[in-house]
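The sequence shown maps to residues 10 to 560 in this note's numbering.
Simulated from the structure, these hints should not be mistaken for lab results. No incorrect hints appear here.
When the alpha-carbon atoms are kept at most 25 Å apart in a straight line, the in silico SDA-like pairs for lysine to any residue are as follows: (1) K100 to S71; (2) K235 to P349; (3) K379 to G310; (4) K527 to G57; (5) K527 to V489.
Quick list of simulated restraints, FRET-style, between CB atoms: (6) S341 to N505: 41 to 51 Å; (7) G462 to S521: 22 to 32 Å; (8) S346 to V251: 20 to 30 Å.
Beta carbons: idealized from backbone N, C-alpha and C, even for Gly.
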Amino acid sequence: MMKRMVMSVMIFTLALCGFIPTVPPLSSTAEAAVGEGIPGTMDDYWNGNASWVYLKKDTFTSTGQENYSYGNHTEVMPDGTWYYFNRILIKTYNAGCPNNDGLGTQVRKSTNKGLTWSAPVTIIAPTAGTAYSCYATDGDAWYNPIENKWHYLFQCWDGVTSRGCELERSGSNPMGAFTIQPTGGNPTVDPGELWNSICNVSIDDCSTLAGGPGKVDGEGTYNIFKFDGTYYWVVFHGYDGVRGYQGLAKTTDFQTWIAGDASQGVPNDAIFDRLDSQSWREDWSGGVSIGGGKGVILQEGGYYYNLVEAADINLSCMPNQNWDFGLYRSTSLTNTSWTPFPAGNPIVYSSKVETGGQSYCPAAYMGMFKDPTNDFIYLSYGRRSADPNYEGVYWYRLEKSKNLLKNSDLWTADASNWTKVAPSTNMVVYRAPNNSWDGTQYMEFNCGGTCTGANSVYQDVTIPGGTAGTVQFGGKFMAVGGTDSILLSVFQLDINYNVLKQDQYMLSVGPSWAAFDKSGALLSNTRILRYQFYFYNSSLNFRADDMYMKY
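Starting from the given sequences, assemble the full structure and let the hints guide the process.
See below:
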């Protein structure tokens, strides 16, 4: 106890003697990482005033299903009932399919916002003699209350050709077989049928990148994102053998499609390709992104928000590959160049880490939807891992936030906005989801040798001042393989970096993540707030995530 008290006094004395560096502080507008429990809008998120807050994960261990995330999406009814659709593997299914296995689609129900789920019910099974005799998966569902009918648009494969198929089910309950065929029968989308209308002139991006018109096909991973009373609006991926694309089309019946015609409200080129993802904040293999695959669109507040995946090497999921998600928006569905997230993409990162049971290409099959009964927007996606405790679907909720710290949850996958003190201090941000508390990135740091008492990490934020109040601060911390203490401090400075006040707390940290919430009185003449944490054990590494400071 005496050691901690002496250490605390020493640090405060150093601050008063000019130890505070004068690094230009950040403005108080930040990409928030701690929510207020209040629904945030996509525009809030776009402008840095909302954050994705981790809720839970459904894993192989907790669900009993391997690859629980494959082909998944969630549909929400007006009464707040959730339906979770995903892929089902049917072993020893003998129809001339690879390994005699078939792929189908099943659904679960939740009446408590995904906290618990019912047992699954198979809605579409591979059926001999059909276009989906081997595979019926990776689709999307839409309930039309006017028809009182569910529609399911999916990728179908008969062991020879991959196409698009559609099946229907009467009533508002999707927990049963989808048996109603479309009027014209299945399949409803032939290879290249949509892409040939989109990539039909040489100046299209999807023509120049693919080596000419008519070289993109492979329509799949459908997302039905809108029904306007006449048309269903759908996005889907395309593939030229290496590169991936995202296209958009509309249909009244899932049989007759309108694509590639801006005069009819649909874009005349791909809405996403490698030219969009090339500039992402990612170390692409060979310096090259190969473009996108699956995407989901959410309409809100006059904008369409497109969450889309991008990769390198090949659109097929391969070892040692980057596979990330980025966000775009547009006011018009005819646009072929959507506005990227202003703070930079990606917003969700994959991981190449093989230790700890981590698998390659672990981020896949994203979902983004709004629950009308509580106005929250939810994000979900799969993390692949050889460890059954981490293989599964991770769930997040968009919440408004007052957090002043930038990159406080390390969402940029680097240490941007954070400054280390003392030359020996090591500070690294890792993309190792199994080691984090929420399936995302975290910061790891140590003294880099003998601890001097100055080893620390900090961030400064300017505030308007003029009003006294309370500053709240905290975060999540742990020690790797041991127990020790971290000193968490908030300095209040004037515009010339003179220390006006310091609130400090010694945090006891151990080998598991722990959350800490502290506060102190805010002075009216404070103009700069410094969030800083110190560490003193040269034999331990420490980790941090979800740091916050607000008033």
